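Q: Sequence:
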Amino acid sequence: MFEIIELLLNFGVDINVPTLAGETVFDICEDGEMHHRLLALKVEMERRQLQEQQLQAAQNRASNRQQRPLVRRRSSNNPRRQEN
Numbered sequence: 001m002f003e004i005i006e007l008l009l010n011f012g013v014d015i016n017v018p019t020l021a022g023e024t025v026f027d028i029c030e031d032g033e034m035h036h037r038l039l040a041l042k043v044e045m046e047r048r049q050l051q052e053q054q055l056q057a058a059q060n061r062a063s064n065r066q067q068r069p070l071v072r073r074r075s076s077n078n079p080r081r082q083e084n
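Number 9 in UniProt numbering belongs to position 9 of the sequence shown; there are no gaps in the numbering.
Keep in mind that the hints were calculated from the coordinates and are not lab data.
Just so it is clear, the structure is predicted and the values come from calculations on it, not from any experiment.
One should not assume that every hint holds.
Claimed, not checked - In silico SDA-like pairs for lysine to any residue, Cα to Cα no more than 20 Å straight-line:
1. K42 to E6
2. K42 to L8
3. K42 to E30
4. K42 to Q59
What the hints assert, rightly or not - Distance ranges between label pairs, derived from CB positions:
5. N16 to A57: 52 to 62 Å
6. G12 to R72: 43 to 53 Å
7. R72 to N16: 32 to 42 Å
8. N60 to A40: 24 to 34 Å
9. N10 to R74: 25 to 35 Å
10. E23 to V71: 52 to 62 Å
11. R48 to P18: 34 to 44 Å
Yeah, the Cβ is synthetic: ideal placement off N, Cα and C, and Gly gets one too.
Throw the hints in and build the complete structure from the sequences for me.
A: As structure tokens, then:
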């Protein structure tokens with residue numbers, strides 16, 4: 001049973017979605033060991049999602065840096081004219 005749940009989670013199933021009766025998998029689970037394993041899986045999946053979000057944000061920042069053209073500012077040795 002646990003292997004099936006783990007497989008579903010690997011395919012992106014949200015473990016927190018309630019049934020039509022409003023129960024989550026944690027409410028339905030009666031086995032203490034299974035409940036503990038489900039919590040561990042939930043923590044692992046949340047950690048992975050956070051890592052993926054951080055990686056995506058880093059890739060977006062890198063992509064934005066590459067898309068912006070470089071602006072080269074140069075100073076001139078010639079004095080600027082001041083008009084009165």
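Q: For every hint, state whether the structure bears it out.
A: Status of each hint after checking the structure:
no.: 1; hint: K42 to E6; result: holds, 10 Å
no.: 2; hint: K42 to L8; result: holds, 12 Å
no.: 3; hint: K42 to E30; result: holds, 17 Å
no.: 4; hint: K42 to Q59; result: violated, 26 Å
no.: 5; hint: N16 to A57: 52 to 62 Å; result: violated, 23 Å
no.: 6; hint: G12 to R72: 43 to 53 Å; result: holds, 46 Å
no.: 7; hint: R72 to N16: 32 to 42 Å; result: violated, 51 Å
no.: 8; hint: N60 to A40: 24 to 34 Å; result: holds, 31 Å
no.: 9; hint: N10 to R74: 25 to 35 Å; result: violated, 55 Å
no.: 10; hint: E23 to V71: 52 to 62 Å; result: holds, 58 Å
no.: 11; hint: R48 to P18: 34 to 44 Å; result: violated, 22 Å
Hints 4, 5, 7, 9 and 11, counting from the list given before, are not met by this structure.
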